[in-house]
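Assemble the complex: chain A is given as a structure, and chain B must be docked to it using the hints.
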Amino acid sequence: MAAPNLPTQPPGPFPDRPGINSENSFHTERPIHYKPVKNEVRVYVWELPVRIFHWLNMFAIILLMGTGVYIGKPFSAAIIPDEAYYSNLMGWMRYIHFFAAFLFTINLIFRLYWVFKGNKFATSNPLRWLFWKEVFETVKFYLFLKNKKPHYVGHNPLAQLSYWIFIGLGSWIVMLTGFYMYFEPQQESFWAKLFVWVPYLFGGDSFTLRSWHHLAAWGFMLFTLIHVYMAFRDDYLERNGSISSMFSGYKTTTRKSVGEKNNE
Amino acid sequence: MKKKKTVYEAAIDHGFNRRDFLKMCTALAATLGLEFTQSDQVVKAMETKMRVPVVWLQFQDCTGCSESFIRSSQPKTESVLLEMISLEYSEVLSAASGHQVEASMKQVLKDYKGEYVLAVEGSIPEDDSFLTVAGQSAKETFLEMAAGAKAIIAYGSCSSWGGIAAAHPNPTGAKPVTSFVKDTPTILVPGCPPISEVMTGVIAHIITFGKLPELDQFGRPKAFYRHRIHDKCNRRAYFDAGLFVESFDDEGAKQGYCLYKVGCKGPTTYNSCAEMRWNGGVSYPIQSGNPCIGCSEKDFWDNGPFYTRRAKIPGTQTTINPDAVGLAAIGLTTAGIAVHAAGTVIKRKRDDKRGEEE
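Each protein sequence line maps, in turn, to chains A and B.
For the first sequence, position 115 matches number 115 in my numbering, and the numbering has no gaps at all.
For the second sequence, position 62 matches number 62 in my numbering, and the numbering has no gaps at all.
Rather than coming from a laboratory, the hints here were simulated on the basis of the structure.
Keep in mind the model is a prediction, meaning the values are calculated, not measured.
Hints are not guaranteed to be accurate.
Unchecked claim - The list that follows gives simulated cross-link-like pairs (lysine-lysine, DSS-like), each with its CA atoms no further than 27 Å apart:
#, chain 1, residue 1, chain 2, residue 2
1, B, K222, B, K106
2, B, K49, B, K139
3, B, K76, B, K150
4, A, K148, A, K256
5, B, K150, B, K113
6, B, K76, A, K140
7, B, K211, A, K193
8, B, K353, A, K256
9, A, K73, B, K232
10, A, K148, B, K150
11, B, K222, A, K193
12, B, K182, B, K139
13, A, K193, B, K232
Extracted from the complex, chain A is given alone in its bound form (with noise of 0.2 Å):
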């Protein structure tokens, strides 16, 4: 890593450089790609990787949570009321919710290794001073105060933050327990020794593993309505293609944010 409090240096001039943020400090050696539009730039901020990810983790979230509501509270019978051998509802749930928490983590683990690989705004680190002085900006900015929140183009720290609640910690939380419960009943098996120590982080038993396990899963639902509320927001005031870019990858932001001289 390059060290932090140098601002973005993308090729060419540099004279109208914005203040330092904890965005454009970061990661100064992954180069930002654009293409200039007016007055205006079109950023390559979200890579096909990262693009591919978010569909298919929205994809398995919603394949998740439906079964997973219905394992944990069987909202409906099965059609036939008869003998246990002609229907097979709650199974055909739980193969949904085991074929779709293996496609979340597979996954989440190739969305790990971008982090590495990725640009700049593939990654974060929460743990600088800026970030949290702008975290604080940033509250202050859904709040309706007087702000300094700077301009971002990629996610704002806030934002960053609430990633790596939901889906850094909460991930991990629901990935962990998850496993440790499918792989419950072969306890002398090579996978369910991997996951031995689960209990041990999580404090107990396996009802306290599952309470885990339902609450984090009802994080997921909060954070799925805030985040689409926080997209469809930053698009309405913005005008910078916030919904749209999760399709492109392009988000429209100013000249100066990239280091260009404004050609007014």
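Positioned in the frame of chain A, the structure of chain B alone reads:
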């Protein structure tokens, strides 16, 4: 000092013939989860091993474990009591009482130091004033007897986890036996009460192999506690099919559907009820139509109502309905978002107007 007899000799003395003895050994091997070919080992052990002296202490308990113990069918309780073990002290079963029986306990400590098995029923209060037997506090008696024991068997959820007495707010400061001893090997046989065949099976294992059975990470014998009730349940097919009892008087209950929705704790409970069953394999709660209450799990009394599915807030003893709370949180957040979105639109309109004016 009493003359020591082998288990075989004791059986012959009690009027059994060798054929009965071999039958008993074969059945015992099956109970212990051994292969048929290993029955020889059991026979040999019973022919050569001395009866094991057992001291059975009761602390904060309800005698339910003793009651369960005396209903063992395989091995039969009487054959365990009269042939396999030599029960030196028991509040329930000892014929003697008062000073005589207390003296007998002291005698065990003298005669069989390091040889006897200490069976404990009930939790031990942290505060001595809550339990004193024969003028000696429970903790003192336990520590004295535990120090000279070959092994400790904690019978029941109380001695294994703290039990009902340790339920929130735990007024007596009840603790499991493992909180007091570290050096003596301890086997936990939780359950409220444990299955009688499991109780006798553990003792039989110690006699047969001269060592403790293989234990899991909590200290329970793997042979009896390695499976979840849910995975061995006779109603499991209904779970997978998606056929559930909704209330205890509906058609599903009559048909024997899965009890998941009426609070069955089978999916989080490790015990061998579904395989061994109770009262000589007659039935067990789920088979009889009552959801499992998870009595062999730690803190089962604090894990929410017996007939409702709940989730525990980690680190607390509070259980909630996770879906109701989750939906409420989603509802509140949606309302918050609506207000915030309105605020955002108003602010933007106002800012645009100001921009035009400037």
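Run the structure past the numbered hints and jot down the numbers of the failing ones, going up. Hints 1, 2, 6 and 10 are the ones this structure does not satisfy, whereas the remaining hints hold.
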